[in-house]
Amino acid sequence: MDKLIISKNDLPKLLDDLIKKYTVFAPTNNNDTVIFSQIKKANEANLNYLNSQYPPKALMLCQTETLFKFKPGPKGDIESVKLDEKKIIFGIRPCDAKSMAILDHAFSGDYKDPYFLTKRDNTLLIGLSCIKPGVNCFCTSFDDSPASSKYVDILLTEIGDKYYVEVMSDRGKQITKGASKFFKPAKESDAKSKKEAEKKAISAIKRTQKTDKIAEKLDKIFDNKFWKEVADRCVGCGTCTYLCPTCHCFDIQDESTLTKGARVRVWDTCMNPEYTLHASGYNPRPARANRVRNRVYHKYNYYPKNFNVIACVGCGRCIDLCPVNIDIIDVVTQAGEVKP
Amino acid sequence: MVNEKELQDAVEKTVKKGDVKYVVGYEKGTFGFQAMPSFAYKPEDAKKFIFSPLCVHNLAVFPMLEEKPPLRKGEEPDSRKIGVVVKGCDSRAIVQIIQEKGLDRDKVVIIGIPCTGVVDPKKIEAKFPGQVKNVDVKDDGDKFVVTIDGKTTKVAKDELMPDKCKTCEYPTPILYDILIGKEVKGTKKEDYKDVKVFEKKSMKDKWEYWEKQFEKCIRCYACRNACPLCYCKECMVDQLDPQWVRRSVDVSENTAWNLLRAFHLAGRCIGCGQCERVCPMGLPLMELNKKLEKDVKELFEYTAGINAEEKPLLAMFKPDDPEEFIL
Chain A
0 MDKLIISKND LPKLLDDLIK KYTVFAPTNN NDTVIFSQIK KANEANLNYL
50 NSQYPPKALM LCQTETLFKF KPGPKGDIES VKLDEKKIIF GIRPCDAKSM
100 AILDHAFSGD YKDPYFLTKR DNTLLIGLSC IKPGVNCFCT SFDDSPASSK
150 YVDILLTEIG DKYYVEVMSD RGKQITKGAS KFFKPAKESD AKSKKEAEKK
200 AISAIKRTQK TDKIAEKLDK IFDNKFWKEV ADRCVGCGTC TYLCPTCHCF
250 DIQDESTLTK GARVRVWDTC MNPEYTLHAS GYNPRPARAN RVRNRVYHKY
300 NYYPKNFNVI ACVGCGRCID LCPVNIDIID VVTQAGEVKP
Chain B
0 MVNEKELQDA VEKTVKKGDV KYVVGYEKGT FGFQAMPSFA YKPEDAKKFI
50 FSPLCVHNLA VFPMLEEKPP LRKGEEPDSR KIGVVVKGCD SRAIVQIIQE
100 KGLDRDKVVI IGIPCTGVVD PKKIEAKFPG QVKNVDVKDD GDKFVVTIDG
150 KTTKVAKDEL MPDKCKTCEY PTPILYDILI GKEVKGTKKE DYKDVKVFEK
200 KSMKDKWEYW EKQFEKCIRC YACRNACPLC YCKECMVDQL DPQWVRRSVD
250 VSENTAWNLL RAFHLAGRCI GCGQCERVCP MGLPLMELNK KLEKDVKELF
300 EYTAGINAEE KPLLAMFKPD DPEEFIL
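If you're matching them up, the sequences are chains A and B in order. Residue numbering for the first sequence follows numbering that gives the first Met the number 0, starting at 0 and increasing by one per position. Residue numbering for the second sequence follows numbering that gives the first Met the number 0, starting at 0 and increasing by one per position.
Any given hint could turn out to be false.
[Stated by the list, open to error] Computed from the model, here is a short list of chain B residues facing chain A with C-beta under 7 Å: (1) 26; (2) 28; (3) 29; (4) 31; (5) 36; (6) 140; (7) 147; (8) 219; (9) 225; (10) 237; (11) 238; (12) 241; (13) 245; (14) 248; (15) 251; (16) 311.
[Unchecked claim] Ranges of calculated distance between the beta carbons of each label pair, as one might list FRET restraints: (17) 218/A / 66/B: 24 to 34 Å; (18) 42/A / 41/B: 56 to 66 Å; (19) 42/A / 128/B: 20 to 30 Å; (20) 42/A / 263/B: 34 to 44 Å; (21) 131/A / 325/B: 52 to 62 Å; (22) 257/A / 316/B: 50 to 60 Å; (23) 8/B / 333/A: 26 to 36 Å; (24) 258/B / 260/A: 20 to 30 Å; (25) 180/A / 128/B: 51 to 61 Å; (26) 243/B / 259/A: 54 to 64 Å; (27) 110/A / 263/B: 52 to 62 Å; (28) 278/A / 66/B: 14 to 24 Å.
If you are wondering where the hints come from, they were derived from the structure by calculation, not from laboratory data. Just so it is clear, CB atoms sit at the ideal spot from N, CA and C, and this is done for glycine as well.
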């Protein structure tokens, strides 16, 4: 597809143009943190960021999603919600974009989730290459790159005073065509500059996870005491799962007053004992060791077996913010070395 | 400076006695400025133990996180003690829990470390960004000594310490079985300067400030789980019938959660700052805790976690207790 360039001066103009036609989400400052939120003007976006505090999966699988609203009445009075708003997620990192592709498997399997899939179909991803990866970034452990264009409609990579633009889909092409005044065809030297920026970013990633044959290895150590040793220090909060771009478990509740109500689904976490608690009082994952193990197995064993992809993108959020330094890079690497 | 050898020897001796299930202390972390909780089940595990200004966790949470799996017929419960390495503030959590009868004094072996202040992980990461390898940080009088790739930098403690250390009145553990090194005298005073400034703001400004903070909350409950005093068997936010707080994550429910958490710790919070440290969204939770601590001190002349013999604040009544807040 097309390779273009856009100058740094023109990028805000493009963004303002897009805001007129789409609901645009971009990384924005919120006190000391950066999160994805809707922007009304280009200058609200902060494109000089490492990554958002919590992942933009929250725009597809909202932390609180109203499934429908209801009012009391003899036949019930149900109101459905509008989902097909045209959205753009601007400035998404390649790792988070990959997470969307990973989530597609879960939401388009035996049961097609209309909420996730409608939003996904109506959302364009305009990615921004990660040229200065963080301490705990390890996307390269999954043969991916901080400047990967695989999972976005358009990828921007900063090269000097301009961005190298890779158009990856027809939807992306419509955007660049519609705003052709801002784009120029890329020269060979621009492509070279992108490659250099990518190479530099890759070499800045210092941490690696060993994932070779990990699904098979995990099959053999399910009952190993290793999991208890890892989980000893776990305090059982949901930070790792809520900040994970591929974790997608949810809980459904009816929340109502006397006059109105809504069925909502909210993020849930397998770190919570209640997550697997049966109505009988029996809990198949009674201890933290069972729950910590489940998080690792879901990503490195169940998902690869079901969908042929590891459900981790290497964004490093769970490592950065775990209260007790449970470090998935080390945990998985060490699990691979445990003798069955 | 804490003598790590002395600490390791004490831990080894404690584990050797056989009446202790494990001792929880600290070991080196996996990257940057991390240390992590470490468990010594065997005497030789004590060799991993460290103590440095990076040991920011309050390990008093671990006896409270003990899981009691259902017993098989004829099986006896594991009634061995748990050893905990504590700093001054951490020890206050144990005192408070003992006071509340959440923990038996004879069921814990307390290894106390007189503390001269730890670092605030966020501050030190901001000052020395991008550290992949585990960094060595040492204590040297009124400075922290940070060694990165052989290069040593001394930084004034005030620059890197969390606020709780700047106003710490109890650097030496209040209760201990073994003390590592010499007692450190508390010379600082908690004057609630920031609380007093905040109290002067208008109701509208206060609400605007907290609304913005609570909006960020993702309800991961890290604040609750890292808190040694949050040890209810079933937390009220997990209850479904009645459901006190809805599962919806919005500013209204988030406010309910954060205020309930703070109120449930009134007269109980010992100010170790774990809630604020672990919050992934950076909510300044200690500002709430400090306000309640100040009110409790002024109204009832009570300070949590300094006397295991005393009754908990909410379990005692004095005829002259102020009651002007009762509507």
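Results of checking the hints against the structure:
no.: 1; hint: 26; result: violated (9 Å)
no.: 2; hint: 28; result: holds (5 Å)
no.: 3; hint: 29; result: holds (4 Å)
no.: 4; hint: 31; result: holds (6 Å)
no.: 5; hint: 36; result: holds (4 Å)
no.: 6; hint: 140; result: violated (28 Å)
no.: 7; hint: 147; result: violated (13 Å)
no.: 8; hint: 219; result: holds (4 Å)
no.: 9; hint: 225; result: holds (5 Å)
no.: 10; hint: 237; result: holds (6 Å)
no.: 11; hint: 238; result: violated (10 Å)
no.: 12; hint: 241; result: violated (13 Å)
no.: 13; hint: 245; result: holds (5 Å)
no.: 14; hint: 248; result: holds (5 Å)
no.: 15; hint: 251; result: violated (11 Å)
no.: 16; hint: 311; result: violated (24 Å)
no.: 17; hint: 218/A / 66/B: 24 to 34 Å; result: holds (26 Å)
no.: 18; hint: 42/A / 41/B: 56 to 66 Å; result: holds (59 Å)
no.: 19; hint: 42/A / 128/B: 20 to 30 Å; result: holds (25 Å)
no.: 20; hint: 42/A / 263/B: 34 to 44 Å; result: holds (42 Å)
no.: 21; hint: 131/A / 325/B: 52 to 62 Å; result: holds (57 Å)
no.: 22; hint: 257/A / 316/B: 50 to 60 Å; result: violated (38 Å)
no.: 23; hint: 8/B / 333/A: 26 to 36 Å; result: holds (28 Å)
no.: 24; hint: 258/B / 260/A: 20 to 30 Å; result: holds (24 Å)
no.: 25; hint: 180/A / 128/B: 51 to 61 Å; result: violated (39 Å)
no.: 26; hint: 243/B / 259/A: 54 to 64 Å; result: violated (20 Å)
no.: 27; hint: 110/A / 263/B: 52 to 62 Å; result: violated (40 Å)
no.: 28; hint: 278/A / 66/B: 14 to 24 Å; result: holds (21 Å)
Checked against the numbered hints listed earlier, the structure breaks hints 1, 6, 7, 11, 12, 15, 16, 22, 25, 26, 27; every other hint is satisfied.
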